[in-house]
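Visitor: Read off the chains here:
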Amino acid sequence: MIFPFFPFWFVDVLGSLLMVLFGLLCVIKAFSLRRMDPDNVIWAYLLWLSMALSFFALSRSIGHIVQHILIATGYKHTWEMLRPYSGSLNTLAFVVGGAVTLFFERIWGIYHRIMRDQESLRDAHDKLIFINRHLDELVRERTRELIASERKYRRLFEDAQEAIIIASPEGNIVDINTAGLRLFGHERKDIIGEIRLEDLFQSSEEFQRFLEKIKQDGYVTNWECVLQKPRNGEKLVVLISGSREEYGERYVLWLRDISQRKILERQLLNADKLSSIGRLAAGIAHEINNPLGIILGYTQLLLRSEPPDSERYEDLKTIEKHVRMCKNIVGDLLKFSRMTPTERQLTDIHSVIEEVLAMLHHQFERSNIVVEKDFDRSIPEFSLDVSKMKQVFINILINARDAIGDKKGGQIFIRTKRQQSQDSVLIQIEDNGCGIPPEHLGKIFEPFFTTKPPGKGTGLGLAVSYGIVAEHGGDIMVESTESKGAIFTIVLPLRH
Amino acid sequence: MSKAKLFIDAVLKTSIWSGLCLLWNIGCPNLAFSLQLHGDPEGLYVHQIAHFFFVISMTILIYWLFRMKLLFQRGWRFIGLGATFLILWNIDAFVGHWIEGTNGVNMIVKGNHWSGTIEFPSLSENMAVLYYLLKLDHLLCVPAIASIFLGLRELYTDSVKTLRQRQES
Chain A
1 MIFPFFPFWF VDVLGSLLMV LFGLLCVIKA FSLRRMDPDN VIWAYLLWLS MALSFFALSR
61 SIGHIVQHIL IATGYKHTWE MLRPYSGSLN TLAFVVGGAV TLFFERIWGI YHRIMRDQES
121 LRDAHDKLIF INRHLDELVR ERTRELIASE RKYRRLFEDA QEAIIIASPE GNIVDINTAG
181 LRLFGHERKD IIGEIRLEDL FQSSEEFQRF LEKIKQDGYV TNWECVLQKP RNGEKLVVLI
241 SGSREEYGER YVLWLRDISQ RKILERQLLN ADKLSSIGRL AAGIAHEINN PLGIILGYTQ
301 LLLRSEPPDS ERYEDLKTIE KHVRMCKNIV GDLLKFSRMT PTERQLTDIH SVIEEVLAML
361 HHQFERSNIV VEKDFDRSIP EFSLDVSKMK QVFINILINA RDAIGDKKGG QIFIRTKRQQ
421 SQDSVLIQIE DNGCGIPPEH LGKIFEPFFT TKPPGKGTGL GLAVSYGIVA EHGGDIMVES
481 TESKGAIFTI VLPLRH
Chain B
497 MSKAKLFIDA VLKTSIWSGL CLLWNIGCPN LAFSLQLHGD PEGLYVHQIA HFFFVISMTI
557 LIYWLFRMKL LFQRGWRFIG LGATFLILWN IDAFVGHWIE GTNGVNMIVK GNHWSGTIEF
617 PSLSENMAVL YYLLKLDHLL CVPAIASIFL GLRELYTDSV KTLRQRQES
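Residue numbers (this note's numbering), protein chains in the order written: chain A, 1 to 496; chain B, 497 to 665.
Next up, chain A with everything else stripped away, as it sits in the complex (with noise of 0.2 Å):
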């Protein structure tokens, strides 16, 4: 088959010149990458590439315009003496650039982890650019972070309620807060430095125990113990909390006072106490009432068969005299025990405290009390025993008139108000008299507590009064500032 010749010729004359056209530009183009970047290996090898690349289109392109040239002029012979040269190099140039381009793997990968450190480096170098720039500004700023962080602290360690000790290792004091310095009543200077941890804890065996507790798990958690004020030797039962500081080695203490707890609990030990005392009063004062009855009753059937100018009227007069005392103590007993029944019905708070205060009307105007009233009218009527608030009304109002005594110018203030939040009635008595000392404030409504003189009360009335109001689901308060008066309170609930 005949092919034309002249498709063949110029594929082949313009292929070999634009061959080594592009192989050459190629080697520019590497060899300005390099020169742009020397330490890239991507560009040493792009660069190794292009020049076998070029390197086989010369061998290749000079091959087929000198073999062109040669046989067109007669040179045949020639051609078939260089063409095992040609051929070779050309074999040569693709196995060079084969073998090259095997490596690219391992170049990226290298040229990838040099960049890596490169851009590492480059970061770090910038960071210290940066801080060598910005140096004061960096230390002024970190610097007011510093004293923002310590001040937040500071307020922290100052404001806790709890008091709050560090320690060194040797167990000194190295730093107490304002609440410890409270607890301890101590300055700052008396105790920083001049008090070790030990000297605080009132049994030193206790303060080893404690010691190696810490010691042992880092911490300890409401380890309760009693301490000592170290000016007067006061105890203090303590709560402490605590840990080791793992660098630094410091002990970190909180201490909360439990003294008040401990009182409290007493007192509710002994709350209880009296509550069974109380019980059994109850029920001798149950047993001793009908005797009672039957002697006074005896007592004054005797009365009336003797004359009362004689000796004997006189006698059996002390006996009922007597007899009648016992009774209503006895009485009190019984209703501070609740044992009478309660027999409620609709009434109108207003009428109870008015019928009390026109029974007690001539004893006030004896004093010279004078009973200001302020009602809220707009309370309705609600269930409650009428004998029984009357006589928590008489208790307190009695109680009023023996502290204002003989001063001049008393007056009793009885308010009356609906809290519509609670769906309660507020009841307050406030006298101006002589106030109750605060060591009392906490036992008024203890029965037989009583700072009357003896014979003149028995220490049952407030007591008998909180029971009434609690037997009604109310509550009763009191306070008072001594020398200046005080204020009951008495809550009830319109529904109970």
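To be clear, the hints were calculated from the coordinates, so they are not data collected in a lab.
Some hints could be false.
As the list claims (entries may be wrong) - Derived pair list, reagent style EDC-like, types lysine to aspartate or glutamate, alpha-carbon separation capped at 20 Å:
1) Lys76/A - Glu615/B
2) Lys606/B - Glu205/A
3) Lys565/B - Glu105/A
4) Lys127/A - Glu664/B
5) Lys657/B - Glu119/A
6) Lys262/A - Glu249/A
7) Lys390/A - Glu355/A
8) Lys657/B - Asp37/A
9) Lys657/B - Asp39/A
10) Lys76/A - Glu596/B
Since the structure is predicted, the reported quantities are computational estimates derived from the model, not experimental observations.
Following the hints, put chain B in place on chain A, whose structure we already have.
Guide: Just chain B now, with coordinates in the frame of chain A:
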């Protein structure tokens, strides 16, 4: 035994055996094959193996470009395209050489470059067409090297841009 002694022992044994072999060859010259002859087809085989090797290396290059997601970059995509053309060119050349090697191609050129003809009398008609087309292999290798050049140019442009951005930042 120490490493030095083991080494000396190995050197001595090798020297003795080499000496004995040399003496044997001097005694029997017809059994010496120190130089191997390379006949006519060997050059063709080497050339064909080189083509095959080039195909393998270009395939590996494309695989790595694909695996490293470099084909998403314009510059490397051109280089990948160049490698693909080179693979095609190698196949073209391999088949062309195979036809030459198996059929002993004679080429009769008549006339000048512009209006002359070319004939392959030793080839069948189909084979002659195939051989003629295969001989136009510059249609594959020129795009190959041109693509590689374009790829390099793109990479260069990108590098210049990156360098400038880094300098500006």
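Visitor: Now tell me, hint by hint, if it's right for this structure.
Guide: Right, here's what the structure says about each hint:
About 17 Å separates the Cα atoms of lysine 76/A and glutamate 615/B, which keeps this hinted pair within 20 Å; it holds. Distance hint between lysine 606/B and glutamate 205/A is unfulfilled; the C-alpha atoms sit about 124 Å from each other, more than 20 Å. Restraint check for lysine 565/B and glutamate 105/A: satisfied, since their Cα atoms lie roughly 13 Å apart, inside the 20 Å limit. Restraint check: the Cα-Cα separation between lysine 127/A and glutamate 664/B comes to about 17 Å, which is no more than 20 Å; the hinted pair holds.
Of the supplied pair hints, the one linking lysine 657/B and glutamate 119/A holds, its CA atoms being roughly 18 Å apart against a limit of 20 Å. Taking the CA atoms of lysine 262/A and glutamate 249/A, the gap is about 33 Å. The hint is violated against a cut of 20 Å. Under the criterion of a C-alpha separation no larger than 20 Å, the hint pairing lysine 390/A with glutamate 355/A is consistent with the structure, at around 8 Å. The straight-line distance between the Cα atoms of lysine 657/B and aspartate 37/A is roughly 13 Å, inside the 20 Å bound, and the hint therefore holds.
Note on lysine 657/B and aspartate 39/A: the hinted pairing holds, with a Cα-Cα distance of about 18 Å set against a maximum of 20 Å. Annotation: proposed proximity of lysine 76/A to glutamate 596/B holds, straight-line Cα distance about 18 Å (limit 20 Å).
Going through the hint list in order, the structure does not satisfy hints 2, 6.
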